[in-house]
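**Student:** Chain by chain, the residues:
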Amino acid sequence: MSWLKQLFSRKQLYEDLAEEIREHIEEKVEELVAGGMSRKEAEAAARRAFGNVMLTEEDSRNMWGWRSVEDLLADVRYGLRALRHNPMFTAVALLTIAIGIGANAAVFSVVNSVLLKPLNYPNAEELVSLHQIAPGAPGLADFESGLHLSPSMYFTYAEHNRTFQSLGVWDAGTLSVTGLAEPEQVRTVEVSDGVLQALEVPPAVGRWLSEAEQVPRGPQRVMLSYGYWQRRFGGDRSIVGRNIKVDGRPREIVGVMPKGFRLVDTDFDVMVPLAFERRNLILAGFGYEGLARLKPGVSIAEANADLTRMLPVWMDSWTNGPGTNPHFYETWKITPMIRPLKREIVGNVSEVLWVVMGTIGLVMLVACANVTNLFLVRIESRQQELAVRAALGAGWGRMVRGLLVESVMLGLMGGVVGAAFAYSGVRLLLAIGPANLPRLSEISLDARTLGFTVVLAVFSGLLLGLIPALKYAGPRASLALRSGGRAASASRERHRARNVLVVGQVAMALVLLVSAGLMIRTFEALRTVSPGFTDARHLQLTRISIPEVMVAEPERVLRIQEEILKKLAAIPGVKSAGLGSEMPMEGFDSAWDCIFAQDKIYPDNVMAPLRLYKNISPGFLDTAGTRLIAGREFTWGEVYGLRPVVMISENLAREIWGTPSEALGKQLREFSSMPWHEVIGVIQDVRERGVQDPAPEIVYWPPMMEYLFGEKTAQTLRTETFVIRSERAGTETFLNEVRQAVWSVNSNLPLASVRTMQGVYDKSVARTSFTLVMLGIAGVMALLLGMIGIYGVISYTVSQRKREIGIRLALGAQGGDVVKMVLSQGTKMTLAGVAIGIGAALGLTPLMRSLLFGVTAQDPRTFAAVAVLLILVALLACYIPARRATRVDPLVALRYE
Amino acid sequence: MKTREQRDLFPGALEMMILRTLKRQPLHGYALAQHIKRTSNDLLQIEEGSLYPALQRLLKEELVKAEWGISSTNRRVRIYKLTATGAKHLEHEVSRFEKMLEGITRVLAPGES
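Protein chains in written order, with this note's numbering: chain W, 1 to 897; chain D, 1 to 113.
Just chain W, with the same shape it has in the complex:
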């Protein structure tokens, strides 16, 4: 019989035992009676011979070793009864704990899914991103994204490495797919050989892109994502082998990747091979993300060393063209800084999530403090009962355990309700979460989250019960019996625990409110920054791409683009329209290169700081609301006439020539074979990479120009962002008119990335607003809980001091004096809490420094405002019970004396 089986059949065992003993005595009695004794004598003799029946039974039962389990069950029953007898207390306590646990479990599930769980690839810990920095490359050094890989670098690394199983480069973009239904702009990833091999995720249908597709002018093939396959082909498995037209060229579908597959964190529709033309490659062209799988047992440091070893090989094997020095890149100090792929994906979100987790944890502590206070008050009223139990011989350990069992049960019940809250909490979190939260699709309540919930429930249960248990079930519990309920005075000592809890609550609420306040100030600061465009809600954006197979001649492309702009401007309610390579914060890969000023000297004439390049059409600045600081903008005549003109940003003008007006008329060029371009305008600084990032120096070129891609022939950008200013931006009817306007020029042009500038802006501050909302919720919860805590303690004290207040009033004290007396008690606790809280906040807020903008972590205004707010709220919470105290009728209060 197993232990557990015995445990459940113990009732039978005990009954057998009792019956057996009864029979034993009975047999003895009968024997004695048969021997001639009277029945009465016989019974007495039998019992004497047997010993104490009760004790024997108890000893026998104890032999089974279930005593502790049975006591525990008794405690549980007792605890449940106690909770049932106080439905109000139980409901309030349960709800408080459940909300606390629910919020914590919800945030933890996000932390777990985003930060803790391994990535969704086989042996994901071997996957790395080939991140590298180039501190010697001016203009590049301050990039978070570092120096990407050039195709020649990829070939060198792929062919000469000793530390990687496979290695590849990739890039995300958009391409148009035609010939299905409407022309459509789809999200694409371009991959080199080695990327799929490194990720090791087998296709759901068909096969991977292979080396054969990486040959330029070889077979044109493509893979689909699961979502696109379902959407466009209804999950038809016979799709493999069929052709689709990507950017006007037919490509054969070879396979479909499985559901949920993302390339790093990029969701895509279509995957196409990069197929580099190897003999045309030069050293430069740092435009690709590197991805690799380490050989088993190889450390990041070893892999970094391996890449460092290959850099000279790379410079020896390739060139940037005749007359250039391939070892010029040594001055860039290119340094491999390989990162685990997970870190690359999670990025700076981890700080936000840990801060949110921390604050929600604090809210949980505040909630526990509140419930502990309730517990204390309730146990106070049960002191008689505890004293009686102690007097009847209950050991104090047993009583402590009884109370802890009660509080842990409360915690567990709270955990069950909290898990339900967490379920809806996660959905809420996903709704308000940053749109670009990585691994969003992986977030779920899993076993680890449930485990966390259980641990949290037990832990909070223990926390709740510990103080009351130690305080009231302690060795002096019997004292209460002596003093009796009625005359028990409110000794200072009895209130200390509750006061300490309230002080702690105020302190924690202050920390949370200060963090929320700092985020509000950050948001304010972000709003005051001029991002380089105005009235984002009324700016409609869309990307339109004109592939080469559709229109070959560059000038023709520009004519079509200008024609579209004219049609767009003619839509009712449209003020103006313009186009550019991208709007700020759109996040498309920007072009960077050196720029040389004619009147400046540069070391060995090959090195100049890298600048961001953009191309903008006439009318773009006016439409976007970007101010012209000096000079004028391009004209269409200059653009079509390929006039060598250029505009620059204000900070670039100041850096090179001191003032914007000095820059006008000066000459610039990109490389020596390019003619000098005259600076005709200076444009206000633009927060290109988000409001929090400093504005980069920018060179604005015309949309069509010679040497656009290094060769003399005039070229245009084929994919441009069209910007339309209208009060109707974003409405469905307006978008329809925009589509009709574009299609009236060419009905094969798909519209991609249709959104308002406000949407782009919101996305770029999503991290800040998410943090703000979360800290705001946490702060308000803490404030409410703290208020309830203070209110509860003060009103309890008032009810305990009724008699004393009655005496004071009878002796002539005025209502005002009583109010003052009660308020002063509350004020003292609040001030103590505020003081401790300020100290704690000064220590903790630096942890969120990376989330702040335009405000220091110790911002005195925020600290002062929060402290005043807390004190006012606390006074309000004290005032209500204080008013009640003045209404004490001395006669009633004193009648019992």
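Worth flagging that the hints you see were computed from the coordinates, not collected in a lab.
Keep in mind that a hint or two might mislead.
[What the hints assert, rightly or not] List time: in silico PhoX-like cross-link candidates among lysine-lysine, alpha-carbon distance up to 25 Å:
1. 23/D with 60/D
2. 712/W with 666/W
3. 81/D with 23/D
4. 117/W with 11/W
5. 23/D with 11/W
6. 40/W with 37/D
7. 471/W with 40/W
8. 11/W with 65/D
9. 11/W with 60/D
10. 802/W with 828/W
11. 65/D with 37/D
12. 23/D with 37/D
Chain D: place on chain W using the hints.
**Tutor:** Quick look at chain D alone, frame taken from chain W:
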């Protein structure tokens, strides 16, 4: 936890006697008590009740097993039987006891000087 059968005996003595008795024949509690009393010539002052905690412990250790049956005097009784493990345990305990007894006897033996 102090159990009362240990008051006059060394630990395990009662269990050993029970096992030894049951080895001869299965018995119910009352008969077992009478048998031990009789065979020890009433030298051992055992409360009859103290048998039961010991029996429960033996049951738990699965050294004996119990079944309800009818006694020779036609009463419903619970008859205890030695199990195979119980027999082995008894053997082991007895030999241990004999060694211990020998040791004690030697120490207590007079005439050593």
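**Student:** Run every hint past the structure and note whether it holds.
**Tutor:** Each hint tested on the structure:
With a C-alpha separation of about 18 Å, the suggested pair residue 23/D and residue 60/D falls inside the 25 Å cut-off, and the hint holds. At roughly 22 Å between alpha-carbon atoms, residue 712/W and residue 666/W fall within 25 Å of each other, so this suggested pair holds. For the given pair, residue 81/D sits about 8 Å from residue 23/D by alpha-carbon distance, which is consistent with the 25 Å threshold. Taken as a hint, the residue 117/W and residue 11/W pair is broken in the structure, with Cα atoms around 47 Å apart against an allowance of 25 Å.
Our distance criterion of 25 Å between C-alpha atoms is broken by residue 23/D and residue 11/W, whose separation comes to about 29 Å. For the hint linking residue 40/W to residue 37/D, the alpha-carbon distance of about 24 Å falls within 25 Å, and the restraint holds. With a CA separation close to 53 Å, the supplied pair residue 471/W and residue 40/W exceeds the 25 Å bound. At most 25 Å may separate the alpha-carbon atoms for a hinted pair to count; residue 11/W and residue 65/D meet this at roughly 18 Å.
Restraint check: the Cα-Cα separation between residue 11/W and residue 60/D comes to about 15 Å, which is no more than 25 Å; the hinted pair holds. About 20 Å separates the Cα atoms of residue 802/W and residue 828/W, which keeps this hinted pair within 25 Å; it holds. The hinted pair formed by residue 65/D and residue 37/D meets the criterion: a straight-line CA distance of about 22 Å does not exceed 25 Å. At roughly 17 Å between alpha-carbon atoms, residue 23/D and residue 37/D fall within 25 Å of each other, so this suggested pair holds.
The structure does not agree with the numbered hints 4, 5 and 7 stated previously, though it agrees with the rest.
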